[in-house]
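A.B. asks: Those protein sequences? They're chains A and B, same order as listed.
For the first sequence, the numbering used here assigns the number 83 to the initial residue and increments by one for each residue that follows.
For the second sequence, the numbering used here assigns the number -14 to the initial residue and increments by one for each residue that follows.
If you're looking for bench data, these hints aren't it; they were derived computationally from the structure.
Everything numeric in this text was worked out from a predicted model, so none of it was measured.
Among the hints, erroneous ones may be present.
[Unchecked claim] As a list, the in silico EDC-like pairs of lysine to aspartate or glutamate whose alpha-carbon atoms are at most 20 angstroms apart: (1) Lys85/B with Glu44/B; (2) Lys203/A with Glu6/B; (3) Lys203/A with Glu44/B; (4) Lys127/A with Glu186/A; (5) Lys214/A with Glu156/A; (6) Lys203/A with Glu68/B; (7) Lys127/A with Glu141/A; (8) Lys85/B with Glu(-10)/B; (9) Lys1/B with Glu173/A; (10) Lys214/A with Glu150/A; (11) Lys1/B with Glu170/A; (12) Lys203/A with Glu156/A; (13) Lys203/A with Asp3/B.
[Claimed, not checked] Beta-carbon label-pair distances, calculated as ranges: (14) Gln237/A with Thr93/B: 27 to 35 angstroms; (15) Arg30/B with Thr215/A: 22 to 30 angstroms; (16) Arg30/B with Ser207/A: 19 to 27 angstroms; (17) Tyr240/A with Arg88/B: 31 to 39 angstroms; (18) Val83/B with Tyr240/A: 30 to 38 angstroms.
[Unchecked claim] If you want the footprint, here are the derived chain A segments under chain B, 3+ residues with CB under 8 angstroms: (19) 141 to 148; (20) 154 to 164; (21) 182 to 188.
Note that the Cβ used here is the ideal one computed from N, Cα and C, for glycine as well.
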Amino acid sequence: MQAENRFLNPSRRTLLVSAGLGVVGVITAGTPKIARADGAITLPKRVADILEQNVGKGEYFFGALWMELPIIAESGLSVPVTLRVEAEMTEADHVRRMMVFAPENPEATIADYIMGPRAGKAEISTRLRMAKTQTIYAVALMANGQRWATSVPLQVTYGACVDEVDNFHAAEFLKRQRVRGLD
Amino acid sequence: MANVEPRIAVPETASKGDIIEIRTLINHVMNNGYNYDREGVVIPRWIINTFFVTYNGVEVFRSNLQPGTAENPYLSFFTRATESGTLEFTWLDDDGSVYKGSRSIAVT
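Chain A extracted, bound-state conformation (with noise of 0.2 angstroms):
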């Protein structure tokens, strides 16, 4: 999916950074180095320390938890995400809860969302609010204790938390918006 696919490419960056020092050969991948061996994830500290106080030590694996969030956001005031877990969402195999991070916001968390069996499809969508360029974080705790997690990186343009509001231009983004059989 997109997610992965922008894992697996050289950022720009690494390719900048490559010939401005004039090296000449392999251009490693610009992976970041949050995966271990065993394919748990290393999450910011912050992250950590917030999950640590809500539902407790443990390891947060990639796999089965995907995120979608556009590549660039144009403006941080509204940024569309995607979560989603291939799960049965049967009694015994469910999603229980899934969190958003943004830990360069001035809060960290973004929301979470509770769910059952009921559910039927461990799918949400919703729209963030991002104060700079960063990573993205996604956890899913499962019914059965299993932990699922996943990074997406953003550019943002224009960050929104912390800045001078102004109102004439928020409201024209806003107006701008639409959502299909909402409106």
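Guided by the hints, dock chain B onto chain A, whose structure is given.
C.D. replies: Relative to the frame of chain A, chain B by itself:
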């Protein structure tokens, strides 16, 4: 808050066992408590902090929103159509207001 109008999209009919998509949007400024106005005065936090949905009285989805959720919070999620009845949507505001909406669904 004046003129808050929840917008909810639920299919009117469904077959028993179908997984249906529910989409909601509510007008709200969601001031996160970090922005400031032209005079440099911080605009206090004022958000919708909780959203939950019941299907014939049984809770099927809940979300605890934080200031990182965008203005006019939009949420889409899924549920299984089990029986005909009513889905009730509730949003709780920081200032104590409660916004409600409901949609009925016919399950065949």
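A.B. asks: Which hints, by number, does the structure contradict?
C.D. replies: Per hint list: 12, 14 and 19 violated.
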